[in-house]
Amino acid sequence: MINFPTQLISLIPALPLVGFLLNSAIALAWARRRKAGPEIIPSVIGCLFPIASFVLAVWAFLTLKGMEEGASLSSGPLLTWLDVPLVSVDFAFLIDPLSSVMMLVVTGVGSLIHIYSIGYMKKDDGFARYFSYLNLFLFFMLLLVMGDNLLVLFVGWEGVGLCSYLLIGFWFTDPQKAACGKKAFVVNRIGDFGFLIGLFLILYAFGLQGQADGDPLSRSFFSYSYLAANKEWLAPLATAITLCLFVGATGKSAQIPLYVWLPDAMAGPTPVSALIHAATMVTAGIYMVARLGFLFALAPFTLQVISCIGLATALMAALIGLTQFDIKKVLAYSTVSQLGYMFLALGVGAYSAAIFHLVTHAFFKACLFLGSGSVIHACHDQDIRNMGGLFKKMPVTATTFLVSTLAIAGIPPLAGFFSKDEILWNTFLYGSWPFYGVALFTAGITAFYMFRLFVTTFLGKTRHPHPDHLHESPWVMTIPLIILAVLAAVGGFLGVPEVLGGHNRFHHWLAAVMPPSVGHEGNPALELGLMGLSTFWALVISLISVALYRRNLNWPAVITERFRSVYNLVLEKFRVDELYDALIIRPIRVVSEKFLWKISDEKLFDGFLVHGWTDMAGFSARVLSRIQTGLVGHYLLYLWVALVALLIFTVK
Amino acid sequence: MIDLQYLISLFHAGLPIWILTGTGLVCLLTDGLWPKKGGTAVFIVGFLGMAVALFFAFRQWLSGETIAQDLLVSDKATRFFVILVIFIGLLHLLNSASYFRLLGKVSAGGSPAGRLGPAGRLGPAGDMVTLTLFAVVGMIFLFASDHLIVNFIGLETMSLAVYVMVGFNRRDVRSGEAAMKYYVMGSVASALLLYGIVLLYGAVGEFRLSEFHKVAIFPDTAFLPRIAVVLMLGGFFFKLALVPFHFWVPDVYEGAPTPVTGFMATGVKVAAFALFIRVLTALNYLPTAVVSQVLQICVILTLLVGNLAAIVQDNVKRMLAYSSISHAGYLLLGLSVGYQSGKFDPSVSSAVLFYLAGYSCMTLGAFAVLSVMVDEKREATQFADLTGLGYSRPVLAAVFSLFMISLLGVPPTVGFAAKYGIFSFAVKNGFIGLAVLGMITTVISAYYYLRPLVMMYFCGAPEKVKGGEIPFPLMLSLVFCAVAVILLGIWPLPYIDMAQKAATAFK
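For the protein sequence lines, the chains are A and B, in the order given. The first sequence maps to residues 1 to 652 in this note's numbering. The second sequence maps to residues 1 to 507 in this note's numbering.
Because the hints were derived from the structure by calculation, they are not lab data. Each hint should be verified, as a subset may be incorrect.
[Said to hold, decoys possible] Here are the in silico distance ranges between beta carbons for each label pair:
1) B:40 - A:604: 55 to 61 Å
2) A:612 - B:504: 44 to 50 Å
3) B:472 - A:592: 54 to 60 Å
4) A:186 - B:424: 29 to 35 Å
5) A:612 - B:44: 29 to 35 Å
6) B:153 - A:631: 27 to 33 Å
7) A:67 - B:18: 56 to 62 Å
8) A:637 - B:461: 45 to 51 Å
[To be verified] Residues of chain A placed beyond 12 Å of chain B at every Cβ, according to the derived structure:
9) 41
10) 48
11) 52
12) 66
13) 199
14) 304
15) 460
16) 595
17) 625
[What the hints assert, rightly or not] Chain B stretches covered by chain A per the calculated footprint, using a threshold of three residues with CB under 8 Å from any CB of chain A:
18) 224-232
19) 244-253
20) 302-309
Don't be surprised by glycine CBs; every beta carbon is placed ideally from N, CA and C.
Could you build all of it, start to finish, from the sequences and the hints given here?
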């Protein structure tokens with residue numbers, strides 16, 4: 001096989017960018033004519049470029065696989081972005097085991113979702129605009145995972161945020177959906193602020209070392225290789241830096257306390273939820289922490305915070321997921337919960353397990369979301385209470401949904417089992433019994449609410465008002481579903497642990513770029529035992545869930561009656577939105593209005609500073625314009641006066 | 001006896017100049033032969049000629065070898081400025097062609113204006129193209145020689161062309177008034193400069209800046225070069241529109257046809273700065289240490305007056321006139337911080353060179369937008385005319401906002417990168433006070449740069465819909481300026497590199 005030429009690296013992100021430009025041109029042309037043209041053009045453009053990227057990414061991956069361990073493909077500096085005495089930043093791409101995995105997920109799952117979108121977005125007014133946003137998203141996401149320094153990552157980070165905002169509010173004429181987009185943007189902004197402070201702290205830490213001068217290479221503070229080589233300089237500030245960066249991750253990856261935007265992000269088109277809010281963008285935080293694993297390893301306190309937050313998020317979101325009736329909301333909380341698992345893995349030092357779960361989660365969650373999209377496409381409704389019995393009407397959708405449900409529930413040998421079990425095992429090795437217990441419990445809840453979702457949606461009698469209208473989705477939508485379902489089924493074999501006779505190839509693939517797991521060597525018998533326990537637990541809970549919901553969909557009514565207040569609390573998502581509203585938004589508004597606006601702004605700034613200054617400036621300006629008579633004679637006089645003054649000043 | 005070798009090297013050294021001059025002559029001829037349809041033809045000929053000259057100027061830049069040929073200097077610095085002024089000339093051609101077409105189109109509605117002379121004619125005005133070409137030639141001569149008399153001739157060539165350009169809009173009485181004012185004031189300034197040059201010659205017996213290091217100064221006549229330098233500074237400050245030699249600027253800038261104002265605010269200033277840097281470098285060899293203090297005082301006055309007076313203007317052109325004064329102040333700040341223990345270090349002028357390039361892009365862009373603002377036979381450049389532009393002409397409003405933000409100096413535009421370069425040099429060389437003053441006045445300038453944005457976006461819809469397409473040449477120049485403003489802002493390194501190479505050529 002011919003090795004992947006490094007000159008082509010920049011093509012991988014550039015191709016979706018070209019797609020974006022072409023599709024925007026088409027979208028603009030259509031908007032100008034006030035009439036949409038044939039949908040085939042934007043769909044072909046929109047899909048071909050990501051697929052081409054995917055092919056290149058596969059090629060790069062195979063090349064990388066053929067090289068010795070620890071090797072990477074680097075584009076070299078494509079251009080020097082910044083070169084000031086303070087810092088030097090190159091625009092460069094890096095393909096190493098970690099980024100190659102991310103690239104494959106982003107372009108692969110991304111391409112499938114692009115194809116699916118052709119069917120889902122059919123006859124939408126913003127068809128070309130949709131594809132141009134989606135391509136732009138892929139471009140930024142690839143920047144994020146391929147950049148060889150933190151600033152390029154940050155450009156991608158902000159770019160995907162922008163695309164997320166644009167796509168959540170895609171149907172912006174609905175003010176509620178537009179508001180959801182805004183919420184996502186604002187909440188992410190809070191996280192990004194933390195991220196930025198982290199970046200500044202890194203700069204500060206290196207600045208303290210007095211490395212300010214010399215050749216540009218010794219000033220490229222943000223490149224991963226530089227950070228890794230000089231991490232001891234960051235050690236004094238490591239906890240602060242990593243905490244700030246983690247704040248950024250909680251924003252992008254929807255963790256406590258900034259997860260509130262993700263459920264609302266479901267206002268966007270469903271393929272967007274699958275791509276951005278399940279498979280790729282929301283995992284950016286996990287990628288970032290894994291990428292900077294060497295830095296986080298210096299800050300044990302941050303890792304503890306990460307594991308606690310991850311676990312709490314996993315549990316809380318799973319609990320909320322139990323009570324939701326909107327098919328996409330259930331999946332959204334499930335995503336938050338699974339992301340919590342990944343952070344738990346990062347927190348206990350099992351970086352490769354986190355990335356492994358990221359990959360398998362991308363498969364099954366994208367499949368679940370696309371499946372839900374297929375259902376919504378047929379039902380024109382998102383409430384699972386109005387569904388039921390769809391298995392017969394939509395066999396392909398239902399089957400793929402079932403496979404993914406089994407996968408996320410952790411039933412062997414599907415993908416979720418291996419990745420989740422690795423996280424559980426590492427949590428156990430980490431030596432914290434309560435953590436393991438809660439994580440296992442959460443896995444049970446996951447199985448429960450996923451089967452609740454499946455049974456309510458696909459089994460039983462149909463409760464849809466127009467059952468005759470229900471139909472299977474067209475092939476452009478079902479084929480991606482099938483592919484994703486297959487991946488969800490077999491994806492786990494990438495990382496079969498040693499105790500089951502596998503080689504855990506995934507772990508070894510990443511080992512070169514990841515710090516080694518912190519945990520102790522485990523006992524194989526114990527590992528097998530725990531594996532059996534979690535399998536048993538998942539199976540039992542799944543069966544209970546199926547049994548309960550098959551018999552009577554309203555069985556929880558008894559319990560909810562009994563614990564009405566607790567149930568309501570969970571149903572209303574622990575009232576976190578209300579809590580934020582009361583604790584943060586309303587005080588801010590009150591302070592803004594009563595103090596900042598009425599007193600500080602109106603009295604102090606406007607009244608005293610602004611008008612005081614402007615009065616002064618205005619006065620002097622009026623004097624100046626009074627001098628400006630418009631008469632040449634006066635002007636000549638001024639000229640002579642100035643000249644004479646100058647002469648006296650100079651010659652005296 | 002003609003030395004062929006000499007002629008050939010002269011030809012190579014000044015290739016862009018000869019091309020421009022030749023094109024100018026062809027334009028004159030074309031305009032004379034086809035007076036009716038000549039406008040468009042002349043425009044095309046002039047544009048192509050400039051493009052060719054630009055091509056050769058670039059080749060000269062890349063070739064790198066310095067050709068010093070008697071009265072012409074063709075080093076990196078000269079070539080940098082040649083490229084810059086030709087760019088300005090090209091953009092000016094694009095702006096003015098559409099402007100006169102628009103003004104003609106609007107007035108064609110049956111008014112007696114249609115019968116008026118060349119300026120009332122439809123289509124691009126041929127004379128304007130010719131004048132532009134000769135003005136650019138004058139600009140190049142202004143700095144492409146180290147002989148003060150050649151510089152002076154260049155100055156006059158440029159000024160004469162610009163005087164006429166200012167009075168070009170014959171239907172508008174303000175245009176004529178502006179030309180008259182500019183001419184009278186400009187003559188005085190030229191006289192000052194010339195008298196300064198002559199006195200300097202009297203004192204040191206040398207016209208050539210590159211020979212100044214050889215001259216001997218007798219202590220008892222040391223006051224003579226000082227007086228000469230003050231007179232020359234007076235002339236320069238006038239052309240650069242620095243306080244207190246700025247009084248003509250608002251009136252002339254307001255009265256001149258809008259594209260011409262843009263040309264004056266950029267081209268004339270760029271050329272004058274180029275020579276000014278050359279002169280300052282040469283003055284190192286004369287006992288004129290006081291120059292640095294004069295410059296600093298001038299910077300302080302210019303920044304304060306320029307920024308404060310801009311606040312109370314009602315006319316956008318007049319506001320931009322004061323804005324150009326204050327930008328000249330920032331540029332002079334960049335030069336005045338080059339003084340270390342009484343000697344001017346020309347290497348700091350790299351920041352000034354970069355600033356000039358960025359400033360030209362954003363200013364020409366802003367004036368290109370104003371060139372479209374023509375309404376009912378007159379320029380509609382009051383602030384009130386901008387009301388609701390964001391709704392009626394979104395593209396125009398967007399690019400205008402971009403240029404305003406860049407003039408203010410907000411990242412990611414070139415205005416920020418340019419100001420950053422100047423201020424960082426100021427801080428590095430220990431001129432903290434000047435840097436702080438520059439930053440404070442930048443904050444003041446936010447008031448008048450953001451006002452157009454408020455008018456365009458937050459003052460409701462326009463009273464009447466002023467629609468209309470943006471003419472193609474103008475669109476071209478708008479796109480070029482907008483792209484340059486952003487590109488130089490987010491990726492300034494290659495251009496800073498160019499500016500540094502050019503700055504090291506000043507010796």
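Hint-by-hint comparison with the structure:
The hinted window of 55 to 61 Å between residue 40 (chain B) and residue 604 (chain A) holds, with their beta carbons roughly 60 Å apart. Taking the beta carbon of each, residue 612 (chain A) and residue 504 (chain B) are about 47 Å apart, inside 44 to 50 Å as hinted. Restraint check, residue 472 (chain B) to residue 592 (chain A): a C-beta distance of roughly 48 Å breaks the suggested window 54 to 60 Å. Checked against the hint of 29 to 35 Å, the pair residue 186 (chain A) and residue 424 (chain B) passes, with Cβ atoms roughly 34 Å apart.
A hinted range of 29 to 35 Å is violated for the C-beta pair residue 612 (chain A) and residue 44 (chain B), which are about 56 Å apart. At roughly 31 Å, the beta-carbon separation of residue 153 (chain B) and residue 631 (chain A) lies within the given 27 to 33 Å, and the hint holds. Taking 56 to 62 Å as the suggested C-beta distance range, the pair residue 67 (chain A) and residue 18 (chain B) conforms, at roughly 58 Å. Distance hint for residue 637 (chain A) and residue 461 (chain B): a CB-CB separation of about 47 Å, consistent with the stated range 45 to 51 Å.
With a cut of 12 Å on Cβ distances, residue 41 (chain A) stays outside the contact zone with chain B, its closest approach being about 25 Å. Against chain B, the non-interface label of residue 48 (chain A) holds: every CB pair exceeds 12 Å, the least being about 28 Å. The claim that residue 52 (chain A) lies off the interface holds: its Cβ sits roughly 27 Å from the closest Cβ of chain B, which is beyond the 12 Å cut-off. The beta carbon of residue 66 (chain A) is kept farther than 12 Å from every beta carbon of chain B, the shortest such distance being approximately 35 Å.
No beta-carbon of chain B comes within 12 Å of the beta-carbon of residue 199 (chain A); the shortest separation is about 16 Å. Against the 12 Å criterion, residue 304 (chain A) stays outside the reach of chain B, whose nearest CB is about 38 Å from its own CB. Distance check on residue 460 (chain A): its Cβ is at least 53 Å (rounded) from any Cβ of chain B, clearing the 12 Å threshold; non-interface status holds. The beta carbon of residue 595 (chain A) sits about 24 Å from the closest Cβ of chain B, which is more than 12 Å, so the claim that it is off the interface holds.
The claim that residue 625 (chain A) lies off the interface is violated: its Cβ sits roughly 6 Å from the closest Cβ of chain B, which falls inside the 12 Å cut-off. A stretch counts as covered by a chain when three or more of its residues have a beta carbon under 8 Å from one of that chain; for the region 224-232 of chain B and chain A the count is 5, and the coverage holds. With a threshold of 8 Å between beta carbons, the proposed coverage of the region 244-253 of chain B by chain A holds, since 6 of its residues qualify and at least three are required. Coverage of the region 302-309 of chain B by chain A holds in this model, with 3 residues showing a Cβ closer than 8 Å to a Cβ of that chain against a need of three.
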